[in-house]
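Keeping their order, the protein sequence lines are chains A and B.
Using our numbering, the first residue of the first sequence is number 14, and each one after it goes up by one.
Using our numbering, the first residue of the second sequence is number 2, and each one after it goes up by one.
Calculated from the structure, these hints are not laboratory results.
Watch out, some of these pointers could steer you wrong.
[Unchecked claim] Taking lysine to any residue pairs in the SDA-like style, the calculated list, with each CA pair at most 20 angstroms apart, reads:
1) B:258 <-> B:215
2) B:238 <-> A:41
3) B:206 <-> B:258
4) A:95 <-> A:41
5) B:206 <-> B:296
6) A:95 <-> A:133
7) B:238 <-> A:37
8) A:95 <-> A:18
9) B:258 <-> B:199
10) B:206 <-> A:23
11) B:238 <-> A:38
12) B:238 <-> A:36
13) B:206 <-> B:235
14) A:95 <-> A:36
15) B:258 <-> B:218
[Stated by the list, open to error] Just so you have them, the derived chain A footprint on chain B, three or more residues with Cβ under 8 angstroms:
16) 20–32
17) 74–86
18) 101–113
19) 231–245
20) 258–269
21) 304–316
[What the hints assert, rightly or not] Some chain A residues judged to face chain B by a derived CB distance under 10 angstroms, without partners named:
22) 26
23) 38
24) 64
25) 92
26) 155
27) 157
28) 223
For every residue, glycine included, the Cβ atom is placed at its ideal position computed from N, Cα and C.
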Amino acid sequence: MTLSEYPRILPANDSSILIEFGDSIDYSINAQVYALQTEIENSNFVDAVIETIPSYRSLLVEYDVGTLNYGDIRDQVSVLVKRTTVMEAAISDQASELHQIPVAYGGELGPDLETVAEHAGLDVEEVIAIHSGTDYHVFMLGFAPGFPYLGGMDERIACPRLSTPRTRVPAGSVGIAESQTGVYPNESPGGWQLIGRTPIALFDVDADPPAAMLPGTQVNFVPISQQEYEDRARSE
Amino acid sequence: MLSSKSNVEVLTAGSRLTIQDLGRRGSQRFGVSVSGVLDLQAAVLANRLVGNPASSAVFESLFGGMSLVFYADTKIAITGAEVTVDVDGHTLPIWETLIAPANSVLNISVPSAGLYAYVAVAGGLDIPSVLGSRSTHAASGIGGLDGRALASGDILPIGDETDGDVRPSAGTTCPDVMVPACRETDQRVRVTAGPQFDAFDDGAKSSFLASNFTISNLTDRQGARLDGAEIPAIGGKHDIVSDPAYMGAVQVPADGKPIILLADRQPTGGYAKIASVISANLPSVVQKAPGSDIAFELIEVEQAQELAREFNNIILDAPLQQPSHTYSTHFEIAGETYNVHLVRPTNVSNGDEIVYVDFGDKTEIVATVEVLEESSH
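Work the whole structure out from these sequences, hints included.
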């Protein structure tokens, strides 16, 4: 791979353009994706933009072919990409927004906490301290509404998925799968090791924005008691 | 007057009946799928035939076999798959503005070709909008009626959305150039190169472009799976760092069997995308039933954009065909004789065909009338 390969601008289809900043999971690459998204939303051609979709490493821009052809938007985006690449260092240095997510660890709300502790050769309390002692980067949302792809989990608490996935994982469940951690915003089937649960709604169509964890920001988990979980779950 | 403030009730939902519009835009960054109508052409034209904006919510029926009851005189249009339509037992055409009289039952058959039929009602289906759209995404329980597919007994309010002062008259049709899609069985589906086109070597690319695939039974609103040649990525690297997805993306997972992503796709995906179906060919792709053949032809993105503009002009802007023949006639209802002008887009033979008569303040369907006199409109 040469240094000049990225950023790469290419058509995705006849009404979308894709800007790739790399092909790996990397904070700096991800920061450029969100910087470009902001640039496009403030650009003079935003009225011709139907939607932008950020991912770990790339941004898709869907546009109105009645207004812009591929050559036009490629030229406009190129200018913004150059500016984004220059600005990127400054952006990634900024302390981004930090959302705090309360989590009741263990017990029936986190039935796999002991499995994770055993696998790690640690106490349950140490697993909680490590999991809640880290700021996680929200690389992107996807898979399901509000589902965050989080980066930054400590490898010491990594744990394989369940050999048989659960048919029903309650909404708000916090889990670990290999070296990833995440939260199920809605009830769904799932094979992650469940270590706790948050009482807050992670996805609410009536909220603005609808997702509690926003792409490009940081989150951390704050331990709460089972009692506090129940009180907050009732008031949510 | 045709009332637009009324309800429509689902009598039979068939295989799968959902409410869709042009899709939920702006929330893919939050992990929310676009959903929306699969066959944009059929849905937009159904809305135009009843004088709705293109964005009004319509019924989307997978494989027909459904029926609806209308509680007031309602202008409707059915488009998409080749279905047989009747209102209270009277067979009526598709791709045409129709009137369902108060308390009439609309039946839509299983299609003889195609998969998805659309029913537009004048004023649109007036259910709450969620994140800017009424489209149903059943997998995440968002939109539609309570986030789910419709069932027998569901009652939906009809709204008052309109695209102009006057709705098209009964008998308005789509010119032939607009009526497409599921009938074109022999045409190759045109694609442009996908973002990971170069994850495949020349042999795999030519195998993809030279093969005849078959639409698999594992096909739904999320994606159409293809059986046929297996397309290997270079070094078996089918998995990529998750990337944005889009309508018509042809992704190839590790088993080498391509999947065309459709309306209910997730916003991001982790498989290499070899190609992208051009917008103008998506309606014919989504109407292909399991077992249908499909083959691809590669074109440049500039050509695809020309075709997209042509396609948009035809479905959004080209004029509908006004009813072109009028007939003076009379008939009896309950001992009363009515003299009316009957409007049809095509010639009818004396006395053997009648569909409906629009009196202005009341609508009746009669089985036959005697045509007395023909005049040009």
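Hints, one by one, checked against the model:
Restraint check for residue 258 (chain B) and residue 215 (chain B): satisfied, since their Cα atoms lie roughly 11 angstroms apart, inside the 20 angstroms limit. Simply put, residue 238 (chain B) and residue 41 (chain A) have alpha-carbon atoms about 24 angstroms apart, too far for the 20 angstroms limit, and the pair is violated. Under the criterion of a C-alpha separation no larger than 20 angstroms, the hint pairing residue 206 (chain B) with residue 258 (chain B) is consistent with the structure, at around 13 angstroms. Distance check on the hinted pair: residue 95 (chain A) and residue 41 (chain A) sit about 15 angstroms apart at the alpha-carbon level, within 20 angstroms; holds.
At roughly 13 angstroms between alpha-carbon atoms, residue 206 (chain B) and residue 296 (chain B) fall within 20 angstroms of each other, so this suggested pair holds. The suggested pairing of residue 95 (chain A) with residue 133 (chain A) is violated, with an alpha-carbon distance near 44 angstroms, which exceeds 20 angstroms. As the CA atoms of residue 238 (chain B) and residue 37 (chain A) are separated by approximately 14 angstroms, the hinted pair is consistent with the 20 angstroms bound. For the hint linking residue 95 (chain A) to residue 18 (chain A), the alpha-carbon distance of about 14 angstroms falls within 20 angstroms, and the restraint holds.
Between residue 258 (chain B) and residue 199 (chain B) the CA atoms are separated by roughly 17 angstroms; this keeps the pair inside 20 angstroms, and the hint holds. Simply put, residue 206 (chain B) and residue 23 (chain A) have alpha-carbon atoms about 18 angstroms apart, close enough for the 20 angstroms limit, and the pair holds. Taken as a hint, the residue 238 (chain B) and residue 38 (chain A) pair is honoured in the structure, with Cα atoms around 17 angstroms apart against an allowance of 20 angstroms. Of the supplied pair hints, the one linking residue 238 (chain B) and residue 36 (chain A) holds, its CA atoms being roughly 13 angstroms apart against a limit of 20 angstroms.
Between residue 206 (chain B) and residue 235 (chain B) the alpha-carbon distance is near 11 angstroms, which keeps this suggested pair within the 20 angstroms criterion. Proposed proximity of residue 95 (chain A) and residue 36 (chain A) is supported: the alpha carbons are some 18 angstroms apart, at most 20 angstroms. The suggested pairing of residue 258 (chain B) with residue 218 (chain B) holds, with an alpha-carbon distance near 13 angstroms, which does not exceed 20 angstroms. A stretch counts as covered by a chain when three or more of its residues have a beta carbon under 8 angstroms from one of that chain; for the segment 20–32 of chain B and chain A the count is 7, and the coverage holds.
Against chain A, the segment 74–86 of chain B contributes 0 residues with a C-beta closer than 8 angstroms to a partner C-beta. That does not satisfy the three-residue criterion, and the hint is violated. For the segment 101–113 of chain B, the stated coverage by chain A is not satisfied: 0 residues place a CB nearer than 8 angstroms to a CB of that chain, which falls below the threshold of 3. As drawn, the segment 231–245 of chain B meets chain A at 5 residues by the rule of a beta-carbon pair under 8 angstroms; at three or more, the given contact holds. Residues of the segment 258–269 of chain B lying with their CB closer than 8 angstroms to a CB of chain A number 3, which satisfies the three-residue condition for coverage.
With 6 residues bearing a CB less than 8 angstroms from a CB of chain A, the segment 304–316 of chain B meets the requirement of three and the coverage assertion stands. Below 10 angstroms, beta-carbon pairs count as interface contacts, and residue 26 (chain A) has one with chain B at about 3 angstroms; its hint therefore holds. Here the hint on residue 38 (chain A) is kept, as its CB sits about 6 angstroms from the closest CB of chain B, short of 10 angstroms. Taking 10 angstroms as the C-beta contact cut-off toward chain B, the hint placing residue 64 (chain A) at the interface holds, the least distance being around 5 angstroms.
Given the 10 angstroms rule on beta carbons, the hint for residue 92 (chain A) is violated: about 20 angstroms separates it from the nearest Cβ of chain B. For residue 155 (chain A), the suggested interface contact is upheld, since its CB lies about 4 angstroms from the closest CB of chain B, less than 10 angstroms. Of the supplied interface hints, the one on residue 157 (chain A) holds, with its beta-carbon coming within about 6 angstroms of a beta-carbon of chain B, less than 10 angstroms. The closest approach between the C-beta of residue 223 (chain A) and any C-beta of chain B is roughly 5 angstroms, which is under the 10 angstroms cut-off, so the hint is satisfied.
Checked against the numbered hints above, the structure breaks hints 2, 6, 17, 18 and 25 and satisfies the rest.
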